[in-house]
Amino acid sequence: MPAIKRLLFLVAIVLMLSGCKDKSIIVYEAPKDIRTKHPHSEASASTQTNDLSWEKPEAWESTALSSFRKGSFSFTSSSGQKVDISIITFPEKAGGLFENINRWRDQLHLLPLSQDQLSDNTTSINIAGQSATLVEMVSEAAIIEEKFKSRIIAAILPDDQQSWFFKMIGEDTAVLSQKETFISFLTSIKREPPKSEVAQPNQEISYQKPTNWKELPPTPPRQASFQVKEDGDISIIAFPGEVGGNLANINRWREQIGLSPINNEDLPTITETIMMGDSPALIVHIENQESILAAILPQGSKTWFVKFRGPSDIVSSEKATFLQFLQTIHFNPSP
Amino acid sequence: MVLIFMGTLDQVHLGIYGALEKYFRSFVVFWSLPKLGWEIPILPGGYLVGSVLLINLIAAHFSRYKPGWKKLGISLIHLGVVVLLVGELLSSLFQEDYQMSITEGETKSYSESILETELVVIDASDPDKDIVLSIPEARLGDGGVIQHPSIPFTLEILAFYENANIFQKTPEAPASKYRATTGIGKNLIALERPKTGKIDERNLVTAFVTVRTKEGPLDTWMVCNAFDEPQHFDYEGRHYEISLRRKRDYHPFKITLKNFTHDRYPGTTIPKNFSSRIRLQDSVSNEDREILIYMNHPLRYRGLTFFQASFIEGDDTTSILQVVRNPSRHLPYIASTLISLGLTFQFCLHLLGFFKRRKAS
Chain L
34 MPAIKRLLFL VAIVLMLSGC KDKSIIVYEA PKDIRTKHPH SEASASTQTN
84 DLSWEKPEAW ESTALSSFRK GSFSFTSSSG QKVDISIITF PEKAGGLFEN
134 INRWRDQLHL LPLSQDQLSD NTTSINIAGQ SATLVEMVSE AAIIEEKFKS
184 RIIAAILPDD QQSWFFKMIG EDTAVLSQKE TFISFLTSIK REPPKSEVAQ
234 PNQEISYQKP TNWKELPPTP PRQASFQVKE DGDISIIAFP GEVGGNLANI
284 NRWREQIGLS PINNEDLPTI TETIMMGDSP ALIVHIENQE SILAAILPQG
334 SKTWFVKFRG PSDIVSSEKA TFLQFLQTIH FNPSP
Chain C
-18 MVLIFMGTLD QVHLGIYGAL EKYFRSFVVF WSLPKLGWEI PILPGGYLVG
32 SVLLINLIAA HFSRYKPGWK KLGISLIHLG VVVLLVGELL SSLFQEDYQM
82 SITEGETKSY SESILETELV VIDASDPDKD IVLSIPEARL GDGGVIQHPS
132 IPFTLEILAF YENANIFQKT PEAPASKYRA TTGIGKNLIA LERPKTGKID
182 ERNLVTAFVT VRTKEGPLDT WMVCNAFDEP QHFDYEGRHY EISLRRKRDY
232 HPFKITLKNF THDRYPGTTI PKNFSSRIRL QDSVSNEDRE ILIYMNHPLR
282 YRGLTFFQAS FIEGDDTTSI LQVVRNPSRH LPYIASTLIS LGLTFQFCLH
332 LLGFFKRRKA S
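In order, the protein sequence lines correspond to chains L and C.
In this text, residue positions in the first sequence follow the working numbering: the first is 34, and each later residue adds one.
In this text, residue positions in the second sequence follow the working numbering: the first is -18, and each later residue adds one.
No wet-lab data here; the hints were simulated from the structure.
Hints may be right or wrong, so weigh each one.
[Stated by the list, open to error] Here are the in silico distance ranges between beta carbons for each label pair:
(1) L/His318 / C/Glu217: 49 to 55 Å
(2) L/Gln322 / C/Val(-7): 48 to 54 Å
(3) C/Asp215 / L/Pro331: 51 to 57 Å
(4) L/Gln150 / C/Asn254: 29 to 35 Å
(5) L/Glu263 / C/Ile(-3): 50 to 56 Å
(6) L/Asn321 / C/Asp200: 31 to 37 Å
[Claimed, not checked] Derived lysine to aspartate or glutamate pairs resembling DMTMM-like cross-links, with alpha carbons at most 25 Å apart:
(7) L/Lys340 / C/Glu173
(8) L/Lys56 / C/Glu173
(9) C/Lys239 / L/Glu323
(10) L/Lys103 / C/Glu182
(11) L/Lys352 / L/Glu323
(12) C/Lys239 / L/Asp266
(13) C/Lys253 / L/Glu94
(14) L/Lys65 / C/Glu217
(15) C/Lys158 / L/Asp192
(16) C/Lys235 / L/Asp66
(17) L/Lys65 / C/Asp123
(18) C/Lys239 / L/Asp311
(19) C/Lys110 / C/Glu87
(20) L/Lys56 / C/Glu268
(21) C/Lys235 / L/Glu62
(22) L/Lys56 / C/Glu2
(23) C/Lys253 / L/Asp117
(24) L/Lys65 / C/Asp230
From the three backbone atoms N, C-alpha and C, an ideal C-beta is built for every residue, glycine too.
Okay, chain L solo, but in the shape it has when bound (with noise of 0.2 Å):
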């Protein structure tokens, strides 16, 4: 007994400490990050993430991003000779401009530049209305397979916040033949405001259109959007969980066509259920001057909404057709 006691004992601690996690607060002082030198306001929180825009030349290709790399390309000549082309931004001045040129001729075995030669080894050139440091470099050995000569075309802008890093790299020739291209982009680029990370919804079902929709590209988050007549607007939209509740979506639509909102209790008054497919969707059918006719459908982890909206007329001689579209609608599985 003693020994099964024993080992109660010891799957018990292991069950603690395997299953507790710490949620001890803690204190502590830190480096200031490089980012966050330049405090304080949410004007230069905003400035700080300003943005380039660019087009690509017809010749590169788009490779992936990453979070430092902003843009990221390759252009292979036509010996097979691949270069890369990446856009990179660092907070402040990264290293400044003479470390971060005497480091890439360190990666391609040069010695390194003085501060007095800095000078003669750089030009200028205009990027999104600012000057920016040019730089090109040759190494003298072969390098790439022990074949070729490596070379590196780039470009520096500093900026308030932050540097950006415009580098085309490869097999000697191949970047020389891509000189004057990267020229041009790295004066065609402008300056952008900023944007959120915003979650882009993937197309999930597949339906028939009836004949007198008319479809319109669906712009995010919508998945789909139709056209009826000439003011009734369907869109259909997921989001994931329960979305906040059937009372407070269509509370949330009664108060976009000038409805006051209602009780839990009153919802079964203005909803019905339907069948789509072997799950039960909710109808609602609000009517002002605007109509909203519209279907919520939990589906697995997601919410889908079919809502039409336009003038109550249009709604009226529709509901038939609209109701008939939501049996035809069937849902793919997630890729």
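Start from chain L and add chain C according to the hints.
For chain C alone, kept in the frame of chain L given last:
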């Protein structure tokens, strides 16, 4: 075998960390019945299998052990296996895994947790250093109000999502219970979604936090680990930053990536080898040296091991180092040594016996 087979197959759905937790770092593996949501136990978990194996091994040793040097090899082998099992248990309980994603020319003095996030409120008023209040996500999940003597206000955690979808706020956007009143989240909505364990998917950990002062609520922020920048506010003459980020582990030394090489087999995108030349600077021990980290040649320093782990596809300048703190990392070596010694001893004993018998005949 069944456990390993099923755990390996389920990695497709759960990812490596999800499968590890479900199959190998549990006592019982449950299967969730579709639609009903009932949890049915289907397999013993890794902890249970390991514990039974350990008990069986120890029990077998004591029930069959006969004193004498002839069984010394067997005892050493058993002891080695016991150390191996205990080592794995300790690793699963105490090992901490971090990553350092570092780009050429960049200097870092911290690693970031692969799985955990933290809400930080940073007093950034001092131009030379930050005072960081770190609240782990396990505490955020409890919600409620957080008070701490280091801040002159309280934090009310309105909602915490282990994963969320984030959308632009448009007329079509669905109703959302929580809304930010300021910052980048003012124009976004966040909707909770199930946590993912897949390596190629990212959990957008999100929280809605209201800062409450003695004068009343200051503002509500949406914080998310997808936001690159912290959000800012001022109170009582001090400047604060608030953000939800990967949990950081600061080191008393700093690392600069000098050069990252990522060679591929010619004409393919298959990695041939990759290595990071780093500069290690430690102001406490006055160390300042360059080290080359490459596959199977990690840097071991101050209880941490820096492995060359990965790279970012299409980015030949960013290296990803796996940073592991494992207090029991020596145990597998000790176990292997014990097993090797035991096997060698037993082999030599049998060989000697063989020679003796041959000579006698």
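Hints versus structure:
Between L/His318 and C/Glu217 the beta carbon distance is about 53 Å. The supplied range of 49 to 55 Å therefore holds. Evaluation of the 48 to 54 Å hint for L/Gln322 and C/Val(-7) yields a pass: the beta carbon distance comes to about 52 Å. The supplied range of 51 to 57 Å is broken by C/Asp215 and L/Pro331, whose beta-carbon atoms lie about 44 Å from each other. For the pair L/Gln150 and C/Asn254, the beta carbons lie near 34 Å from each other, so the given range of 29 to 35 Å is met.
For the pair L/Glu263 and C/Ile(-3), the supplied restraint of 50 to 56 Å holds, since their beta-carbon distance comes to about 54 Å. Distance hint check for L/Asn321 and C/Asp200: the Cβ-Cβ separation is about 35 Å, which falls inside the suggested range of 31 to 37 Å. Between L/Lys340 and C/Glu173 the alpha-carbon distance is near 22 Å, which keeps this suggested pair within the 25 Å criterion. For the proposed pair L/Lys56 and C/Glu173, the alpha carbon gap of about 22 Å is at most 25 Å, so the pair holds.
At most 25 Å may separate the alpha-carbon atoms for a hinted pair to count; C/Lys239 and L/Glu323 exceed this at roughly 64 Å. At most 25 Å may separate the alpha-carbon atoms for a hinted pair to count; L/Lys103 and C/Glu182 meet this at roughly 20 Å. The suggested pairing of L/Lys352 with L/Glu323 holds, with an alpha-carbon distance near 14 Å, which does not exceed 25 Å. For the hint linking C/Lys239 to L/Asp266, the alpha-carbon distance of about 57 Å lies beyond 25 Å, and the restraint is violated.
Of the pairs offered as hints, the one joining C/Lys253 and L/Glu94 holds, with about 23 Å between alpha carbons and a cut-off of 25 Å not exceeded. Of the supplied pair hints, the one linking L/Lys65 and C/Glu217 holds, its CA atoms being roughly 21 Å apart against a limit of 25 Å. Using a Cα cut-off of 25 Å, the hinted pair C/Lys158 and L/Asp192 is violated, with the two alpha carbons roughly 39 Å apart. A distance of roughly 13 Å separates the Cα atoms of C/Lys235 and L/Asp66; the hinted pair therefore holds under the 25 Å criterion.
Restraint check: the Cα-Cα separation between L/Lys65 and C/Asp123 comes to about 30 Å, which exceeds 25 Å; the hinted pair is violated. Only pairs whose Cα atoms come within 25 Å are accepted, and C/Lys239 paired with L/Asp311 is rejected, the gap being roughly 60 Å. A C-alpha spacing of about 19 Å is found between C/Lys110 and C/Glu87, which places the hinted pair at or below 25 Å, so the restraint holds. Annotation: proposed proximity of L/Lys56 to C/Glu268 is violated, straight-line Cα distance about 35 Å (limit 25 Å).
Annotation: proposed proximity of C/Lys235 to L/Glu62 holds, straight-line Cα distance about 15 Å (limit 25 Å). Restraint check for L/Lys56 and C/Glu2: satisfied, since their Cα atoms lie roughly 19 Å apart, inside the 25 Å limit. Using a Cα cut-off of 25 Å, the hinted pair C/Lys253 and L/Asp117 holds, with the two alpha carbons roughly 18 Å apart. For the proposed pair L/Lys65 and C/Asp230, the alpha carbon gap of about 14 Å is at most 25 Å, so the pair holds.
Taken one by one, the earlier hints fail for this structure at numbers 3, 9, 12, 15, 17, 18 and 20, listed in ascending order.
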